[in-house]
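A.B. asks: Listed here are the chains, written in short residue letters.
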Amino acid sequence: MENGKDLADFAIDKGASKGANYVEARLVESRDESYTSRNGVILAAGNMTSTGIAIRVLVDGGMGFCSTAKLNKKAIGNAIQEAIKLAKASKRKTPITFSEEKTVQTTWKTPVKRKFEDVSVEEKQKFMIDLDKKLNKEFRLKLPTRTLLLDLYSDHKYIVNSEKAKVESENSIITVHTFNTAKSKRESEQRMQGRGGTGGWEWIEEKNIADIIFKDNVALVKTARNAIKMDLRKVDVVVSGEVSGIMAHENVGHPSEADRILGREGAQAGESFYLDLLNNGKLGEIKMGNEVVSIIDDPTIPGNSGFYLFDDECVKARPRYLIKEGKLNELLLNREYANRYGVKSNAAARALNYKSEPIIRMANTFFAPGDFTSEELFEDIKEGIFMKSFTEWNIDDRRFQSKYVGLEVYLIKNGRLTDTMIRRPTLELTTFGILGSVDAVSNEFDAPHGMCGKGDPMQGVPVWLGGPHIRMRDIRLGGN
Amino acid sequence: MSETEEILKKTIQVAQKNGLNEIIALMTKGKTYQIRFSNSAIDNSKIWHTELLEIFLAKGQKTTLIDVESPTLEKISMVIPQTGKFLDKMPNSFLYGGMETEPHAYQKIEGLYDQNIRDFSEKAPELVNTAIQSSLDAGAKKVAGVLYFGDSKKELMTSHGIDSSYKTSYYRLTIRSFVDGESSGQDITCGRNLTNIEKKFNQTGAAAGKIAKMAVEGKQGQAGKYDLIMSSTVAANVFGEITNGANPLKMMIGMSPLKNNLIGKKIASEQLNIVDNPHLGEGLGSRPFDVEGTSTSKTPIITNGVLTEILHNTSTSKMNQAKNTGSSIFFDFGIGSKLLAPAPSNMVYKSGDYSFEEIIADSKKPTIYITSNWYTRFTNMIEGSFSTIPRDGMFLVEDGEIKKPLRKLRLTDNLLEMFSRISAIGKDIQQIQWWEVQTPTFIPTIKVNDCNITSATQ
Numbered sequence: 001m002e003n004g005k006d007l008a009d010f011a012i013d014k015g016a017s018k019g020a021n022y023v024e025a026r027l028v029e030s031r032d033e034s035y036t037s038r039n040g041v042i043l044a045a046g047n048m049t050s051t052g053i054a055i056r057v058l059v060d061g062g063m064g065f066c067s068t069a070k071l072n073k074k075a076i077g078n079a080i081q082e083a084i085k086l087a088k089a090s091k092r093k094t095p096i097t098f099s100e101e102k103t104v105q106t107t108w109k110t111p112v113k114r115k116f117e118d119v120s121v122e123e124k125q126k127f128m129i130d131l132d133k134k135l136n137k138e139f140r141l142k143l144p145t146r147t148l149l150l151d152l153y154s155d156h157k158y159i160v161n162s163e164k165a166k167v168e169s170e171n172s173i174i175t176v177h178t179f180n181t182a183k184s185k186r187e188s189e190q191r192m193q194g195r196g197g198t199g200g201w202e203w204i205e206e207k208n209i210a211d212i213i214f215k216d217n218v219a220l221v222k223t224a225r226n227a228i229k230m231d232l233r234k235v236d237v238v239v240s241g242e243v244s245g246i247m248a249h250e251n252v253g254h255p256s257e258a259d260r261i262l263g264r265e266g267a268q269a270g271e272s273f274y275l276d277l278l279n280n281g282k283l284g285e286i287k288m289g290n291e292v293v294s295i296i297d298d299p300t301i302p303g304n305s306g307f308y309l310f311d312d313e314c315v316k317a318r319p320r321y322l323i324k325e326g327k328l329n330e331l332l333l334n335r336e337y338a339n340r341y342g343v344k345s346n347a348a349a350r351a352l353n354y355k356s357e358p359i360i361r362m363a364n365t366f367f368a369p370g371d372f373t374s375e376e377l378f379e380d381i382k383e384g385i386f387m388k389s390f391t392e393w394n395i396d397d398r399r400f401q402s403k404y405v406g407l408e409v410y411l412i413k414n415g416r417l418t419d420t421m422i423r424r425p426t427l428e429l430t431t432f433g434i435l436g437s438v439d440a441v442s443n444e445f446d447a448p449h450g451m452c453g454k455g456d457p458m459q460g461v462p463v464w465l466g467g468p469h470i471r472m473r474d475i476r477l478g479g480n
Numbered sequence: 481m482s483e484t485e486e487i488l489k490k491t492i493q494v495a496q497k498n499g500l501n502e503i504i505a506l507m508t509k510g511k512t513y514q515i516r517f518s519n520s521a522i523d524n525s526k527i528w529h530t531e532l533l534e535i536f537l538a539k540g541q542k543t544t545l546i547d548v549e550s551p552t553l554e555k556i557s558m559v560i561p562q563t564g565k566f567l568d569k570m571p572n573s574f575l576y577g578g579m580e581t582e583p584h585a586y587q588k589i590e591g592l593y594d595q596n597i598r599d600f601s602e603k604a605p606e607l608v609n610t611a612i613q614s615s616l617d618a619g620a621k622k623v624a625g626v627l628y629f630g631d632s633k634k635e636l637m638t639s640h641g642i643d644s645s646y647k648t649s650y651y652r653l654t655i656r657s658f659v660d661g662e663s664s665g666q667d668i669t670c671g672r673n674l675t676n677i678e679k680k681f682n683q684t685g686a687a688a689g690k691i692a693k694m695a696v697e698g699k700q701g702q703a704g705k706y707d708l709i710m711s712s713t714v715a716a717n718v719f720g721e722i723t724n725g726a727n728p729l730k731m732m733i734g735m736s737p738l739k740n741n742l743i744g745k746k747i748a749s750e751q752l753n754i755v756d757n758p759h760l761g762e763g764l765g766s767r768p769f770d771v772e773g774t775s776t777s778k779t780p781i782i783t784n785g786v787l788t789e790i791l792h793n794t795s796t797s798k799m800n801q802a803k804n805t806g807s808s809i810f811f812d813f814g815i816g817s818k819l820l821a822p823a824p825s826n827m828v829y830k831s832g833d834y835s836f837e838e839i840i841a842d843s844k845k846p847t848i849y850i851t852s853n854w855y856t857r858f859t860n861m862i863e864g865s866f867s868t869i870p871r872d873g874m875f876l877v878e879d880g881e882i883k884k885p886l887r888k889l890r891l892t893d894n895l896l897e898m899f900s901r902i903s904a905i906g907k908d909i910q911q912i913q914w915w916e917v918q919t920p921t922f923i924p925t926i927k928v929n930d931c932n933i934t935s936a937t938q
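Residue numbers (the numbering used here), protein chains in the order written: chain E, 1 to 480; chain H, 481 to 938.
In isolation and in its complexed conformation, chain E is listed as follows (with noise of 0.2 angstroms):
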């Protein structure tokens, strides 16, 4: 790491002589242990480490960006060169031009009880094994197929800009995923399920995830069995923290990244439909939904997925309110895009590794909780369905138009939750249609995991998709 440090030192200094008019320098150190089993059986396994430092430049208004593992000085002289070039070369007539931020000199880092390297292979293996036989011990061919995959993976950053910022940092992540099949006499049910946070290998008992994994598993081979079709028309819904936490992250958080907003995803993951709002309204005046709404992204959390205290651009970060009582508060922002609304970055710059920029991302992204217990959000319904999980979904570009399919469903009738499990109901709504339709929030929350993709080339980021219950008034089932 030190002789990567000072590298990265040297690459600020190198950039400046050049003529470049903001130099950063990212050293990544990281280690990714994994394991994919299936059936009981490990199907792949592996353990890897990669050094490397990312280069960012402006000049000229232009912004180069070049990556390198060669560690010495000829390589990162080079890599600037050619980042200096291609910044040049992209002769852009509006210069791109970053946010003034307050320059910090600082460490964090996650706490790990329990280091990933200092857990035995087999007691990583033993985990996986254990919990696959009794799930197949309870299942046997209810639950044929069971692929399970362990990804612990840890960084040592060091990120370093022409500013005199200097942010260095130790995070861990451990992640767990299912994706099994269920099958009964009549029907199959798939799920892929995850669960993750920051922390070392303590994190899989503190959390219970085997429990946790299992249950999962007793509702999706229930699912297949018991869940029969319905057909509900309109009907109040209650959904789990789990199908709210996609509904933030997908409708709230990504139209709220300002990059999509003004374009630059444009090709890629797409732009925003807050671009029309915006453009005839302000922020903390456009109406979003019931004052009951409000969803925050905050990568502050200890043990989040998303977890950071520092951005990738070396700015502290805070809770974002990106709804507030209803209404479009914040948006998301790093430097470049701060600087085109004429803010403050709110430190959403995130990259996957050191090949890649930092782009402006999502980290925990939740309905804030309210007052209620579920059995309240349930008691004053005469008909309606809980939907604690989901299984396929997806949104257009904009972000508005929206699909939920549920897999656990169960039938809410005269404020109780009954027994009956109901077949892949569908909420095919608008991000106004939900948000105008929750009129109660439960004070729960769960956590889901989940990898955000955006970006190209493509950057899934760990962060976590969940909150608490909420209740939706008159939804119209199924698409039109």
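The hints are simulated quantities; they were obtained by calculation from the structure and are not laboratory data.
We put the CB at the ideal spot given by N, CA and C, even for glycine.
Possibly wrong hints are sitting among the right ones.
Said to hold, decoys possible - Quick look at which bits of chain H chain E covers, simulated, 3 or more residues with Cβ under 8 angstroms:
| no. | segment |
| --- | --- |
| 1 | 538–550 |
| 2 | 620–629 |
| 3 | 650–658 |
| 4 | 725–737 |
| 5 | 814–828 |
| 6 | 850–861 |
| 7 | 866–874 |
Got chain E sorted already, so can you dock chain H onto it with the hints?
C.D. replies: Below, chain H alone, put in the same frame as chain E:
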């Protein structure tokens, strides 16, 4: 001996010395450039110098894969013994039945490398700006997109004496043009031959601009059953979910609508013929050999609507008592570790009988033409029940004419059922690879009858 040869030999030697008995060492060296643009201006230009050594190691039936970036003899001497110790603690992989053991004579594929790539980085920014202008001239108000290009050399050495290499170059331009936030059009051009590249880029820009202009003042479409005309881009994405599933690994873990017992059975319209063809010079997935050193070969996947073969490598062909199609890659699920498994090269559709204009002219009843799509997701991958979202120009076709632009609809259907409802295949074959289509696919416009179109309820 070149530096790369020395590294590859050292990799095999160190691995053998550490008790590993089957080894693949694959070095990729090259440059990749990217120019990203939006709002009709270049946002960021990037260059990646790739020097990646991918190593597959087996000890009996225990296997693992590691990447070594910018490898040196020192790094190799350190990493391989560590990985050997890691492997000692692994159980046998039931998926591993051995690798290629015989050196082959490989087919020379003409056109994999165009030497004009060498100075292309000098011209590329200007070509991008010209393509942007072509789109603006065609009616766009702002233009976004990405250009990738570069070259690389792959050098393979295995513990079974296989030692070969090939060089490639490529370009891939995606342009998405906007007249307003909801009126957009996209076009793609990709391949390896840079002859007339400025013309190709400008045509791509103009095509995207034209669709965007046609999409202006689109209105909410009505949900219902429609015949559907899918552009090459859409068909490559939707039907790619089937052909990418012609893979024993995906079938085994429930990520494919195909099953072994469908081989030899009719699963699609008789008009449909698809071959996995790794020998097309322009094909971005072309390769003379797979990562084990097996010769690649043309593999018929669908013949007159019948599922003919699926893709295999050495191990899966042994497991399934099928022909090894030379399709082994270092397979990556996106999460977790890589493994040796088959994957497609280029999916190549046989040209149909219809021009695009004839497909439109033959569409008398209400039909929807979709030019691009994204976010294809499944309720159940074995069933093939899915939905995907049209984006960019989408049009109502009626009485043999494109009548008006539509918006805000979703295709919600079943993959194999759509395969069997194909009613027309175009002649306008185009290579597609972009953000939403990873497998290079040579595919024309395809019409499918009676598709289910849905929309938001509120």
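A.B. asks: If you count the residues of the segment 538–550 of chain H with a beta-carbon closer than 8 angstroms to a beta-carbon of chain E, do you get 3 or more?
C.D. replies: As far as the segment 538–550 of chain H goes, the hint holds, because 7 residues have Cβ atoms under 8 angstroms from chain E.
A.B. asks: Count the residues of the segment 814–828 of chain H whose Cβ falls closer than 8 angstroms to any Cβ of chain E, and tell me whether that reaches three.
C.D. replies: holds (count 6)
A.B. asks: Closer than 8 angstroms, Cβ to Cβ, for at least three residues: run that test on the segment 725–737 of chain H against chain E and report holds or violated.
C.D. replies: holds (count 4)
A.B. asks: Closer than 8 angstroms, Cβ to Cβ, for at least three residues: run that test on the segment 866–874 of chain H against chain E and report holds or violated.
C.D. replies: holds (count 5)
A.B. asks: Can you take a look at whether the segment 620–629 of chain H is actually covered by chain E? Rule is 3+ residues, C-beta closer than 8 angstroms.
C.D. replies: holds (count 4)
A.B. asks: Examine the segment 850–861 of chain H: at least three residues should have C-beta closer than 8 angstroms to a C-beta of chain E.
C.D. replies: Per the Cβ count (8), the hint holds.
A.B. asks: Count the residues of the segment 650–658 of chain H whose Cβ falls closer than 8 angstroms to any Cβ of chain E, and tell me whether that reaches three.
C.D. replies: holds (count 4)
Figure legend: structure checked against the earlier numbered hints; every hint is met.
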